[in-house]
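**Q** As a plain string of letters, each chain reads:
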Amino acid sequence: MKREIWKGSEAIAEAAIRAGCRAFFGYPITPQNEIPEYMSAKMADVGGVFVQSESEVAAINMVYGAASSGIRAMTSSSSPGVSLKQEGISYMVGSELPAVIVNVMRGGPGLGSIQPAQGDYYQATRGGGNGDYRTVTLAPANIQEAVDLMFDAFDIADQYRNPVMVLADGLIGQMMEPLVWKEHTPRNLPGKTWAASGREGREHNNFINSLFIDAPSCEAHNNHLAEKYAAMEENECRWEELMMDDAEVVFVAYGTPSRIAQTAAENLRKKGIKAGVFRPITLWPFPMKRLREIAEQASVKTFVDVEMSMGQMLDDVNLAVSERKPVKFYGRIGGVIPNVSEVEKAAQDAYEEVK
Amino acid sequence: MTTIYQKSKGLQETELHYCPGCSHGIVHKLVAEVMEEMGVINQTIAVCPVGCSVFAGKYFACDTVEAAHGRAPAVATGIKRTHPTQPVFTYQGDGDLASIGAAEIVHAAMRGEKFTTIFINNGIYGMTGGQMAPTTLIGQKATTAPFGRTKEQAGEPVQVAEMLSTLKGLVYAERVCVTDVPHLNKAKKAIRKAFEKQMANEGFTFIEVLAACPTNWGMTTEEANKWVMENMAAYYPLGVIKEV
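Protein sequences, first through last, are from chains A and B.
Residue 2 is where the first sequence starts when you use the working numbering, and the numbers rise one by one after that.
Residue 11 is where the second sequence starts when you use the working numbering, and the numbers rise one by one after that.
No false leads were mixed into what you were given.
Far from chain B by the CB rule (all over 10 Å, computed), these chain A residues:
hint: 1; residue: E235
hint: 2; residue: W240
hint: 3; residue: E241
hint: 4; residue: S342
hint: 5; residue: Y352
hint: 6; residue: E353
Distance windows between CB atoms, simulated:
hint: 7; chain 1: A; residue 1: D46; chain 2: B; residue 2: K17; range: 42 to 50 Å
hint: 8; chain 1: B; residue 1: G165; chain 2: A; residue 2: P81; range: 26 to 34 Å
hint: 9; chain 1: B; residue 1: V250; chain 2: A; residue 2: T186; range: 52 to 60 Å
Hints listed in this document are in silico derivations from the structure and should not be mistaken for laboratory results.
No residue lacks a Cβ here, since even glycine has one placed at the ideal position from N, Cα and C.
Please model the entire structure based on the sequences and the hints provided.
**A** Encoded structure:
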């Protein structure tokens, strides 16, 4: 297969079109403007729709409309913009609408910075809007993976009728890397008989709705949604293990920091410290069970969680490890990317305490 | 036996929950009759708001999408752009459209989105129990304006049809009311014209309905209709506001 050089954001946009996305709605924000720019140039070629919306709020609601009527739709933004989309994401979960939201994360809070960060982990994995809900959150660590995950994102969204978040950091959006366009086998998905696309041929109208004014019916609806979250946890959990067979020091990292951790682990091995990397690919569902198994292995002595945040995934790592082994944290924030030597030193210090 | 009147096929059998004297039921009926007469019930996609007409999908016979508060024009944009040959309309109240959704309606009109908006202006928040709306008249009492709205405290009420008519994407705006049969017939004609212009891809079409809310106004049905004609129509003039 032919290797091509692509910029992350443009590759994500192209992958979405190849995955059957036919409606894109978005609002400009750095560092992901290449996604709407690419869509504005290419969507018409495939008979799709592009609208530059007046706001992030409008963009997510346009996605809501297109998804309601059965169209594969997406939006993309960066951290402050994704905050504005939370209303729409909550409504989409409530109304059981599939769509893909790409967040190319930058520094926060507030306007923060425009450099890569991972401060939106809580927002993505805990349901950033109102109500009790979950969205599958996919975290690519390179552009090839970002592209591959876009196909999965649309399929997962359609399978469960639930929005899916692709959580990339600014580096994934902005750098260029080689990739190959792999053949993607679509999932066997049910038809969208629920869509409000005109009732021709149906005895009843379809009503896309998230209001259940009577409390017991709202509870029943939430229980139905919870069954879907349980199925997502069962079926969609993904992670990668690198140099983990004999690892004593285990880095836990996702996205760009996982690559830094990988280099740090290779360097540590040269110094005689057996280091490995556990990389969650789905942040929700978090690979809790597997990380717990690893924590229970006698060979594993300590964990080092590396993030471009103050320590958000750290909560899930601590839940998984549950004090079976020490968990150390190393993070840089505000758009600062940790360098290999810092990460290496954090691991070395952690190792000194347990060896 | 001759049938001289029957419920429109554009409505389902569900019993309406609206208060006595509320204009929603009448406007629902008019929209339903227009869909039926144009033969588009099976193609139309409605977008309903947050407010008293939040359950419109249980009443209209066409496919319906319930939008977040104020966002109906954005939702309708997503639907109409991907279904350009089908009729799409939003049905919104004054809190939904003129307050929390002001940005969405302005930009839909600006872009000339080819759907129709039915704007129910009764000058009050009905569902939440009678709070002041952007269209509440000066001096009119509301639960959040207990001494009557003042210009100093809340500004003057917004004339939405006139405001949107300044935008080139809007091709037709008419203000109507449903207080009596002649006005009701005019309202239906206006809705039909808006749907026809939409289907001819002319641009954004907007029907503002001066509506009665006897419950939250603390009036009888008769008093409420009289208030619409004497007070609302004096500030919000009836008739075609813009036609291109």
